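> Sequence:
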Amino acid sequence: MPTPESHRTSRTSMTTFLAQLTDLHIREPGRLTYRRIDTAQYLERTVQSVLALPQRPHAVVITGDLTDFGRPAEYTHLRSLLAPLGTLPVYLLPGNHDDRDALRAAFPEHAWLRSEGFIQYAVDIGALRLIALDTVVPGHSEGALCEERLQWLELQMAASEGRPVVIAMHHPPFETLIGHMDKIGLPQGAQALEELVRRHPNVQRVICGHLHRSIQVAFGGTVAMTSPAPAHQVCLDLAPDAASAWTLEPPGFMLHALPPGGRLVSHAVASGRFDGPHPFWDAQGRLID
Numbered sequence: 001m002p003t004p005e006s007h008r009t010s011r012t013s014m015t016t017f018l019a020q021l022t023d024l025h026i027r028e029p030g031r032l033t034y035r036r037i038d039t040a041q042y043l044e045r046t047v048q049s050v051l052a053l054p055q056r057p058h059a060v061v062i063t064g065d066l067t068d069f070g071r072p073a074e075y076t077h078l079r080s081l082l083a084p085l086g087t088l089p090v091y092l093l094p095g096n097h098d099d100r101d102a103l104r105a106a107f108p109e110h111a112w113l114r115s116e117g118f119i120q121y122a123v124d125i126g127a128l129r130l131i132a133l134d135t136v137v138p139g140h141s142e143g144a145l146c147e148e149r150l151q152w153l154e155l156q157m158a159a160s161e162g163r164p165v166v167i168a169m170h171h172p173p174f175e176t177l178i179g180h181m182d183k184i185g186l187p188q189g190a191q192a193l194e195e196l197v198r199r200h201p202n203v204q205r206v207i208c209g210h211l212h213r214s215i216q217v218a219f220g221g222t223v224a225m226t227s228p229a230p231a232h233q234v235c236l237d238l239a240p241d242a243a244s245a246w247t248l249e250p251p252g253f254m255l256h257a258l259p260p261g262g263r264l265v266s267h268a269v270a271s272g273r274f275d276g277p278h279p280f281w282d283a284q285g286r287l288i289d
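Using the UniProt record's numbering, you'd call the opening residue of the sequence shown number 1 and step up by one each time.
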């Protein structure tokens with residue numbers, strides 16, 4: 001007879017795990033972001049944290065700002081930093097710091113990047129369908145979802161036929177109350193996206209980057225959220241005139257998990273090595289005093 005423990009193990013083995021990284025801001029080897037942050041070293045730690053997860057993700061998605069200036073040498077460096085992930089599928093999205101052509105040139109084997117135009121694609125990851133949206137407006141910090149991009153998404157949602165969907169994009173389609181970031185958010189297409197999501201209840205989550213913080217909001221009948229970054233975070237100051245600034249708060253990433261027949265659960269994960277794990281209970285099953 002199956003035991004409760006075997007049932008839990010079986011359910012975990014059938015759960016789809018998707019790790020989300022974002023806002024890597026990788027520079028050329030030896031260069032510091034903002035002349036102060038070794039983003040490469042932080043990414044190395046985060047990659048090791050992903051590999052150390054008790055449950056190996058089925059894939060990793062990186063939701064934009066892969067590099068700091070979109071230069072070919074930065075993408076070459078990024079490629080080497082992601083190499084320890086080995087055979088783990090990695091799906092890339094551009095952010096406002098990226099260059100589509102340089103990104104494509106650095107990862108030619110990633111056929112889903114397409115040869116031209118927007119970098120948008122749909123891939124199946126376990127029980128999930130990941131739909132990646134390109135919100136980049138070249139030369140601008142703010143993003144946009146034009147009619148062409150939204151029509152493409154509508155076609156992808158129709159093709160999903162009710163399969164659980166995660167939509168990934170760089171710019172969040174919601175107000176965060178961090179004023180200087182909201183000024184470079186998604187002024188075009190956010191409302192249309194929310195209406196589209198509301199028409200498709202199989203959208204389990206809208207996952208974004210750009211904010212360098214973990215933020216969640218109700219959106220179109222589901223949850224839209226941003227992820228912490230592997231290196232620097234945007235300062236949490238909700239005054240409308242707060243300065244644009246970063247901080248070295250603890251870095252992190254997200255782990256999204258879809259159990260069989262269940263709803264998507266999203267966990268914020270701190271990057272790095274920490275003391276533990278340690279038991280709550282002793283060998284006799286008593287709470288340790």
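Hints are computed from structural coordinates only; laboratory data are not their basis.
On a predicted model such as this, the values are computed, not experimentally measured, just so you know.
The C-beta atom is built at its ideal place from N, Cα and C for all residues, glycine as well.
Please note: incorrect hints may appear among the correct ones.
Okay, the calculated beta carbon distance ranges per label pair [unchecked claim]: (1) 248 to 30: 16 to 26 Å; (2) 146 to 240: 38 to 48 Å; (3) 199 to 284: 15 to 25 Å; (4) 54 to 180: 31 to 41 Å; (5) 286 to 150: 54 to 64 Å; (6) 150 to 278: 43 to 53 Å.
> So which hints don't hold here, by number, going up?
2 and 3
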